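Protein chains: 2
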Amino acid sequence: MTTQELLIKAKEAKGALSTITAEDIDRALLLMADLLVQHTDSILSANALDLDAARGTISEVMLDRLLLTPERIAGMADGIRQVASLPSPLGRVLKHHERGDGLVIERISVALGVVAIIYESRPNVTSDAAALALKSGNVCVLRCGKEAHRSAAAIVEALREGLKKAGLPEDMVLLIEDTTRQSANELMTADGYVDLLIPRGGKGLISACVRNATVPCIQTGTGICHIYVDSAADQDMALNIIENAKCSRPSVCNAEEVLVVAEDIAGEFLPKLRKRLVDDRAEHPVELRLDEKAAKIIDGTPAGENDFDTEFLDYILAVKVVKDVEEAIAHINRHSTGHSEAIITENAEAAEKFTRAIDSSSVYVNASTRFTDGGEFGLGCEMGISTQKLHARGPMGLEELNTYKYIIKGKGHIR
Amino acid sequence: MTTQELLIKAKEAKGALSTITAEDIDRALLLMADLLVQHTDSILSANALDLDAARGTISEVMLDRLLLTPERIAGMADGIRQVASLPSPLGRVLKHHERGDGLVIERISVALGVVAIIYESRPNVTSDAAALALKSGNVCVLRCGKEAHRSAAAIVEALREGLKKAGLPEDMVLLIEDTTRQSANELMTADGYVDLLIPRGGKGLISACVRNATVPCIQTGTGICHIYVDSAADQDMALNIIENAKCSRPSVCNAEEVLVVAEDIAGEFLPKLRKRLVDDRAEHPVELRLDEKAAKIIDGTPAGENDFDTEFLDYILAVKVVKDVEEAIAHINRHSTGHSEAIITENAEAAEKFTRAIDSSSVYVNASTRFTDGGEFGLGCEMGISTQKLHARGPMGLEELNTYKYIIKGKGHIR
Numbered sequence: 001m002t003t004q005e006l007l008i009k010a011k012e013a014k015g016a017l018s019t020i021t022a023e024d025i026d027r028a029l030l031l032m033a034d035l036l037v038q039h040t041d042s043i044l045s046a047n048a049l050d051l052d053a054a055r056g057t058i059s060e061v062m063l064d065r066l067l068l069t070p071e072r073i074a075g076m077a078d079g080i081r082q083v084a085s086l087p088s089p090l091g092r093v094l095k096h097h098e099r100g101d102g103l104v105i106e107r108i109s110v111a112l113g114v115v116a117i118i119y120e121s122r123p124n125v126t127s128d129a130a131a132l133a134l135k136s137g138n139v140c141v142l143r144c145g146k147e148a149h150r151s152a153a154a155i156v157e158a159l160r161e162g163l164k165k166a167g168l169p170e171d172m173v174l175l176i177e178d179t180t181r182q183s184a185n186e187l188m189t190a191d192g193y194v195d196l197l198i199p200r201g202g203k204g205l206i207s208a209c210v211r212n213a214t215v216p217c218i219q220t221g222t223g224i225c226h227i228y229v230d231s232a233a234d235q236d237m238a239l240n241i242i243e244n245a246k247c248s249r250p251s252v253c254n255a256e257e258v259l260v261v262a263e264d265i266a267g268e269f270l271p272k273l274r275k276r277l278v279d280d281r282a283e284h285p286v287e288l289r290l291d292e293k294a295a296k297i298i299d300g301t302p303a304g305e306n307d308f309d310t311e312f313l314d315y316i317l318a319v320k321v322v323k324d325v326e327e328a329i330a331h332i333n334r335h336s337t338g339h340s341e342a343i344i345t346e347n348a349e350a351a352e353k354f355t356r357a358i359d360s361s362s363v364y365v366n367a368s369t370r371f372t373d374g375g376e377f378g379l380g381c382e383m384g385i386s387t388q389k390l391h392a393r394g395p396m397g398l399e400e401l402n403t404y405k406y407i408i409k410g411k412g413h414i415r
Numbered sequence: 001m002t003t004q005e006l007l008i009k010a011k012e013a014k015g016a017l018s019t020i021t022a023e024d025i026d027r028a029l030l031l032m033a034d035l036l037v038q039h040t041d042s043i044l045s046a047n048a049l050d051l052d053a054a055r056g057t058i059s060e061v062m063l064d065r066l067l068l069t070p071e072r073i074a075g076m077a078d079g080i081r082q083v084a085s086l087p088s089p090l091g092r093v094l095k096h097h098e099r100g101d102g103l104v105i106e107r108i109s110v111a112l113g114v115v116a117i118i119y120e121s122r123p124n125v126t127s128d129a130a131a132l133a134l135k136s137g138n139v140c141v142l143r144c145g146k147e148a149h150r151s152a153a154a155i156v157e158a159l160r161e162g163l164k165k166a167g168l169p170e171d172m173v174l175l176i177e178d179t180t181r182q183s184a185n186e187l188m189t190a191d192g193y194v195d196l197l198i199p200r201g202g203k204g205l206i207s208a209c210v211r212n213a214t215v216p217c218i219q220t221g222t223g224i225c226h227i228y229v230d231s232a233a234d235q236d237m238a239l240n241i242i243e244n245a246k247c248s249r250p251s252v253c254n255a256e257e258v259l260v261v262a263e264d265i266a267g268e269f270l271p272k273l274r275k276r277l278v279d280d281r282a283e284h285p286v287e288l289r290l291d292e293k294a295a296k297i298i299d300g301t302p303a304g305e306n307d308f309d310t311e312f313l314d315y316i317l318a319v320k321v322v323k324d325v326e327e328a329i330a331h332i333n334r335h336s337t338g339h340s341e342a343i344i345t346e347n348a349e350a351a352e353k354f355t356r357a358i359d360s361s362s363v364y365v366n367a368s369t370r371f372t373d374g375g376e377f378g379l380g381c382e383m384g385i386s387t388q389k390l391h392a393r394g395p396m397g398l399e400e401l402n403t404y405k406y407i408i409k410g411k412g413h414i415r
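Protein chains in written order, with the working numbering: chain L, 1 to 415; chain A, 1 to 415.
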């Protein structure tokens, strides 16, 4: 099936959405979870083919991301069941306005329609994204990277069987066959077919979407996250938070990439930082890339031109010394990707200044940037982390996969 | 000043936003209103030059739109005062989540940053848009069409004097000097400078934005609005609503352009429609453009290929006969621009089906589409009517000119 044919099917399935209830959706999700487990063998066989093809071409870390096991499939099914158990975002009355003349105006949450997701090599994204899109009332079009495509196809087959068993249109979940750049481009310009496109992937994919997309699009994920250690910081707390934000999982978007330190305390703090992140870490010591001022205080790699604009996703931390919170804010707002930033301070005024002025989705006081996550924020789930300001900002849950419409009821009202 | 220089000034002014309070903004708005009235003479002189230049090149209707009088300027000032009196959308706690471990996560409404508006020949949009953008905490970049540019410049001068008097940065309101397509294109691609672009204008401008914009953009205004007269309609009510929706102000986006009639009643209803919209209207009779079935019942112009996809903005109505509400829904969802549609029916089931299935910003039961308006909807004001689904749908008020950010407060929390 060509991408265009598939999009026509998605649009047809969308036509059925208006008669489907939240209960229908939950019933389908539970069946989809069951079918996923029942299809374990065929999914593992497909995954074995993906792994064979990928071995040697991608890193061990990426191979592990690609690997499925019976336990991981059971985990994916549990993920779907958990999404089913969340309250439906559909049909909420967001505003109610009754005019003096009796005209009743309500703003009601409704599905967006067709939500398309471009993602890369993690096969579990297939079921996660489909479950979230479906729970929020949408038809889901998936475009998986080529490394995981056989696995994704086997997963989607199970999910569609669940939809069918629930009496819903199978085409509410569709996987694009073409894994070349061509299909990504077709999605970006599928005006009238795609109501929302979510690119989940690297910088190249995101910026291609910004440049080329004519369909509505939400940028996700790129995180050059900063932590600013204020002159009034609790320095032990700062060390704990920095080690957590940098080292607990360096490959994720909410990991810290840049440390900004107030010059008043840099002489005292930076040697402690070096001890904590370099000398005390036998496994995975952090490479510090130091600006000129920091390099006068501790040893490390001199920071290059791009080190304050790079999402390292590795055990590397750029370090900059600034005069005060104002200079920290100016630096961060110039170099950040709008994801997550933190200030470590005991000074309430500095904290207030920082949280007001920093123009990012999530601004922390005395906590690790690693909390930027739908689950951690209490959304129950997550479709990605928006780094844009329109529609959704930060972790996107079910509500962010809805739009609203006004329904206005009159008795012959004219204006 | 080049557009690029102006955008740098806008970005600098945005840096000051975080220290400005809602009270500062209201005080500035009231001063801006006063200054506008005080500058009446200079604004009228500038407007006279605009009118002289435009005469002969644009229609009488457009000339009237361009014309300012002391009363109209006073009205613009009152508009600003009214915006000042609305509650501030800033700093609302949209969500509050305290975790078991004491981490407090709040979602807070904040300004978008720099809001740019491209508009055409109505000088009053200058003060309206500036007041709304400012009230919602944003820096406002205005790009006015060439016909009204001298008037807009005189208005902006008054507004900036008000800002200065209030002690706020004058550059919170900026007017782009260049009125050629070049400046519109520069705005569309001003990544990092423009946080939201609102094109207010014709189809050409909107579709240029969809194609070319790399900055976040909200499509506004194009309205191919439908009214469906169901077989269970109160036909007198239908006639009243249709005449209102079509004729009360045909040049606006919420006017009806297409009538869809159930075939069961078409034989009875269409002759009444013709009498009401054509024969009984000595002034401005409506031209009916009839599909084949309608043409068998009443006289009119045979509908051409594009008549069901045209925003006439004139005393013209396309008429189509359909089998039932399902066919009406299918036709409307295929041809509508997602603005406003109505069903006229006494049948609750048909009404429910229609409101659920129609994929438009505003869906009416037994009321005129002409109500789609920020003021009529109780928003107190309006920046335009969004026909897209992301971020804002339907009339945009102050809240829609905000985004949110998460502010997370911990005591050394790590994940």
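The hints are simulated quantities; they were obtained by calculation from the structure and are not laboratory data.
Since we're looking at a predicted model, the values are computed, not measured.
Virtual Cβ for every residue (Gly too), placed ideally from N, Cα, C.
Among the clues, some could well be false.
[Stated by the list, open to error] To give a feel for the contact side, a few chain A residues facing chain L, derived at Cβ under 8 Å: (1) G304; (2) T355; (3) S361.
[What the hints assert, rightly or not] The list that follows gives simulated cross-link-like pairs (lysine-lysine, DSS-like), each with its CA atoms no further than 25 Å apart: (4) K164/A x K203/A; (5) K203/A x K409/L; (6) K323/A x K272/A; (7) K323/A x K296/A; (8) K296/L x K323/L; (9) K203/A x K411/L; (10) K95/A x K146/A; (11) K203/A x K275/L; (12) K272/L x K411/A; (13) K95/A x K411/A; (14) K323/A x K11/L; (15) K293/L x K95/L; (16) K272/L x K296/L; (17) K9/L x K165/L; (18) K293/A x K272/A; (19) K275/A x K293/A; (20) K11/A x K323/L; (21) K323/L x K293/L; (22) K164/A x K11/A; (23) K296/A x K146/A; (24) K165/A x K146/A; (25) K411/L x K272/A; (26) K203/L x K9/L; (27) K11/L x K165/L; (28) K203/A x K9/A; (29) K409/A x K323/L; (30) K11/A x K95/L.
[Stated by the list, open to error] What follows is a set of in silico ranges between Cβ atoms, one per label pair, in the way DEER data are often shown: (31) E268/A x G102/L: 26 to 32 Å; (32) K272/L x G192/A: 33 to 39 Å; (33) K203/A x E177/L: 31 to 37 Å.
Indices of hints not satisfied (ascending):
1, 4, 5, 9, 10, 11, 15, 23, 24, 26, 28, 30
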